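Novice: Below are the chains, spelled out letter by letter.
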Amino acid sequence: MLKAEGLSFRYTPNSGWVFQNITFELRPGEIVGLSGPSGCGKTTLGKVLAGYISPTKGRLSLDDRPLPRRGYCPVQLIFQHPELAINTRWRMSQVLEESFSPPLDLLRALGIENGWLKRWPHELSGGELQRFAVARALAPGTRYLIADEITTMLDAITQAQIWQVILEQARRRNLGVLVISHEAPLLERVCGRVIELKQ
Amino acid sequence: MSDMSLPAPVHRLATPFSNRRRQTLWAIGLSLSFLALIVVLGQRLDPAGLDTNLQARNQAPTWQHPFGTDWLGRDMLTRTLRGLTISLAVGVIASALSACIGLLIGLASATLGGWVDTVITWVIDMFLSLPHLVALILIAFVFGGGLTGVIASVALTHWTGLARLIRAEVLQLKTANYVQLSERLGRSRIWIARHHLLPHLIPQFVVGLLLLFPHAILHEAGITFIGIGLSPHQPAVGIILSESMRHLSTGYWWLAALPGLSLLVMVKSFDALGENLRALLDPKTSQE
Numbered sequence: 001m002l003k004a005e006g007l008s009f010r011y012t013p014n015s016g017w018v019f020q021n022i023t024f025e026l027r028p029g030e031i032v033g034l035s036g037p038s039g040c041g042k043t044t045l046g047k048v049l050a051g052y053i054s055p056t057k058g059r060l061s062l063d064d065r066p067l068p069r070r071g072y073c074p075v076q077l078i079f080q081h082p083e084l085a086i087n088t089r090w091r092m093s094q095v096l097e098e099s100f101s102p103p104l105d106l107l108r109a110l111g112i113e114n115g116w117l118k119r120w121p122h123e124l125s126g127g128e129l130q131r132f133a134v135a136r137a138l139a140p141g142t143r144y145l146i147a148d149e150i151t152t153m154l155d156a157i158t159q160a161q162i163w164q165v166i167l168e169q170a171r172r173r174n175l176g177v178l179v180i181s182h183e184a185p186l187l188e189r190v191c192g193r194v195i196e197l198k199q
Numbered sequence: 200m201s202d203m204s205l206p207a208p209v210h211r212l213a214t215p216f217s218n219r220r221r222q223t224l225w226a227i228g229l230s231l232s233f234l235a236l237i238v239v240l241g242q243r244l245d246p247a248g249l250d251t252n253l254q255a256r257n258q259a260p261t262w263q264h265p266f267g268t269d270w271l272g273r274d275m276l277t278r279t280l281r282g283l284t285i286s287l288a289v290g291v292i293a294s295a296l297s298a299c300i301g302l303l304i305g306l307a308s309a310t311l312g313g314w315v316d317t318v319i320t321w322v323i324d325m326f327l328s329l330p331h332l333v334a335l336i337l338i339a340f341v342f343g344g345g346l347t348g349v350i351a352s353v354a355l356t357h358w359t360g361l362a363r364l365i366r367a368e369v370l371q372l373k374t375a376n377y378v379q380l381s382e383r384l385g386r387s388r389i390w391i392a393r394h395h396l397l398p399h400l401i402p403q404f405v406v407g408l409l410l411l412f413p414h415a416i417l418h419e420a421g422i423t424f425i426g427i428g429l430s431p432h433q434p435a436v437g438i439i440l441s442e443s444m445r446h447l448s449t450g451y452w453w454l455a456a457l458p459g460l461s462l463l464v465m466v467k468s469f470d471a472l473g474e475n476l477r478a479l480l481d482p483k484t485s486q487e
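Protein chains in written order, with my numbering: chain A, 1 to 199; chain B, 200 to 487.
Hints are computed from structural coordinates only; laboratory data are not their basis.
Among the hints, erroneous ones may be present.
[Said to hold, decoys possible] Below, simulated DSSO-like cross-link-like pairs (lysine-lysine); rule was C-alpha separation at most 27 Å, straight line:
id, chain 1, residue 1, chain 2, residue 2
1, A, K198, A, K57
2, B, K483, A, K57
3, B, K373, B, K483
4, A, K47, A, K57
5, B, K483, A, K118
6, A, K3, A, K47
7, A, K3, A, K198
8, B, K373, A, K47
9, B, K467, B, K483
[Said to hold, decoys possible] Reference listing, derived: stretches of chain A covered by chain B, where coverage requires no fewer than 3 residues with Cβ under 8 Å from a Cβ of chain B:
id, segment
10, 7 to 18
11, 49 to 62
12, 85 to 92
Just so we're clear, the structure is a prediction, and the values are computed from it rather than from any experiment.
Don't be surprised by glycine CBs; every beta carbon is placed ideally from N, CA and C.
Please build the complete structure, drawing on both the sequences and the hints.
Specialist: Pasting the structure below:
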């Protein structure tokens with residue numbers, strides 16, 4: 001169980017709080033939405049939950065232990081902008097293999113074509129890159145996914161395809177998923193419950 | 200109907216210049232072979248051309264002496280090629296040293312941070328605010344002039360640009376999403392440095408190194424021209440140019456014009472080499 005207890009974060013001791021006193025639990029197999037207005041700290045909270053930055057106050061635990069600082073992190077974050085989360089000097093096959101070698105059926109389900117693997121990132125569109133980012137985050141070691149506005153800039157069909165794969169994987173592997181979005185219809189459709197983040 | 204139809208598609212033959220990639224490869228090949236030609240000719244040409252021959256003084260360019268002869272009857276083509284070879288050697292050594300200094304200092308600045316970064320940035324700013332030639336003259340003077348003086352002064356003044364570039368690149372990479380993500384995927388710091396940072400830094404280093412050559416060569420010629428560089432009996436380009444100054448007004452135009460032009464072409468070919476290599480190394484432009 002991924003547990004946040006009174007998480008608060010600010011960048012420097014003099015700056016204002018980005019978010020304060022967040023408490024919630026994410027159980028395996030559970031799909032939870034996180035919504036809130038722009039600039040309320042959703043992305044920063046996502047980074048704290050996946051271990052990218054440590055909270056200023058509060059405690060984050062995975063099965064009553066802190067997140068591992070080394071090795072594969074069981075909590076994986078998928079970024080909003082895939083073009084920033086992929087090294088521009090790597091070919092796409094390298095991008096996937098940095099995490100693991102995804103089985104063919106996962107690539108098919110995500111609509112990744114064989115020809116794309118040999119390409120450079122700038123030769124693919126944002127939607128195509130995001131499919132790679134999702135595939136990369138689904139390595140066997142992953143137990144929780146933090147999806148930070150991952151389909152906001154994609155068209156409806158791509159959006160549906162990506163969510164179908166994530167929901168199917170979550171059901172089969174008992175993954176806990178936190179869906180960060182301010183799109184109410186999406187959250188209503190995929191999530192069991194929704195947490196509101198206030199400014 | 201016929202006047203409405205589209206013009207038939209033109210099938211261009213695959214000439215050597217039919218696409219950007221070929222043009223780039225050709226430009227690199229041409230620059231490299233031109234530089235190789237200078238070195239080979241500079242070594243192979245009959246050194247007798249360097250001897251004084253008072254019967255053939257001050258001759259304008261002819262087929263026998265394509266660059267003419269000077270007031271001592273020395274063949275200017277031989278002298279120019281020898282001079283360019285010396286300049287090339289000085290340029291290679293000085294810019295390689297300079298680029299290595301730039302790489303190390305840039306890396307130290309970006310990875311150690313804190314006061315190290317503050318001090319290095321301050322030193323870089325100081326070097327950049329000082330006129331290049333002043334620093335060059337001072338350092339060459341401290342090292343006692345000559346070949347060592349020229350190499351040391353060029354190497355010690357030209358690292359700042361590359362150091363800044365490397366520092367900025369590393370700082371940007373350190374905060375890049377994909378670098379932080381790599382750490383969360385369980386990759387070690389050494390793995391990240393090798394696989395994420397190196398592919399970005401090597402092209403910067405190689406291109407930075409190549410683009411340093413023109414500066415190094417021109418500054419070498421410059422301080423030799425002033426008289427604190429290489430010694431006068433070596434036919435360095437700077438020496439040739441400064442000697443020819445005295446004879447320019449008497450109408451011996453070939454003494455300065457042709458060696459100067461050769462220097463310009465050599466510098467430009469290094470420049471072309473650097474620019475084209477940059478286009479080739481970047482995946483964004485390598486396939487255009």
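Novice: All hints, please: hold or fail.
Specialist: Hints and how they fare:
Distance check on the hinted pair: K198/A and K57/A sit about 18 Å apart at the alpha-carbon level, within 27 Å; holds. Distance restraint check for K483/B and K57/A: the Cα-Cα separation of roughly 43 Å exceeds the 27 Å cut-off, and the hinted pair is therefore not satisfied. This hinted pair checks out: K373/B and K483/B have alpha carbons roughly 21 Å apart, not beyond 27 Å. Between K47/A and K57/A the alpha-carbon distance is near 15 Å, which keeps this suggested pair within the 27 Å criterion.
For the hint linking K483/B to K118/A, the alpha-carbon distance of about 14 Å falls within 27 Å, and the restraint holds. With a C-alpha separation of about 15 Å, the suggested pair K3/A and K47/A falls inside the 27 Å cut-off, and the hint holds. In summary, the hint linking K3/A to K198/A is supported, as the alpha carbons are separated by about 19 Å, within the 27 Å threshold. A distance of roughly 16 Å separates the Cα atoms of K373/B and K47/A; the hinted pair therefore holds under the 27 Å criterion.
Between K467/B and K483/B the CA atoms are separated by roughly 25 Å; this keeps the pair inside 27 Å, and the hint holds. Only residues whose C-beta sits within less than 8 Å of a C-beta in chain B count toward coverage, and the segment 7 to 18 of chain A has 0 of them, not enough to reach three; the restraint is violated. Given as covered by chain B, the segment 49 to 62 of chain A passes the check, having 3 residues with a CB less than 8 Å from a CB of that chain where 3 are the minimum. Requiring three or more residues with a Cβ within less than 8 Å of a Cβ of chain B, the coverage given for the segment 85 to 92 of chain A holds, as 6 such residues are present.
Going down the numbered hints, you'll see the structure goes against 2 and 10, while the others check out.
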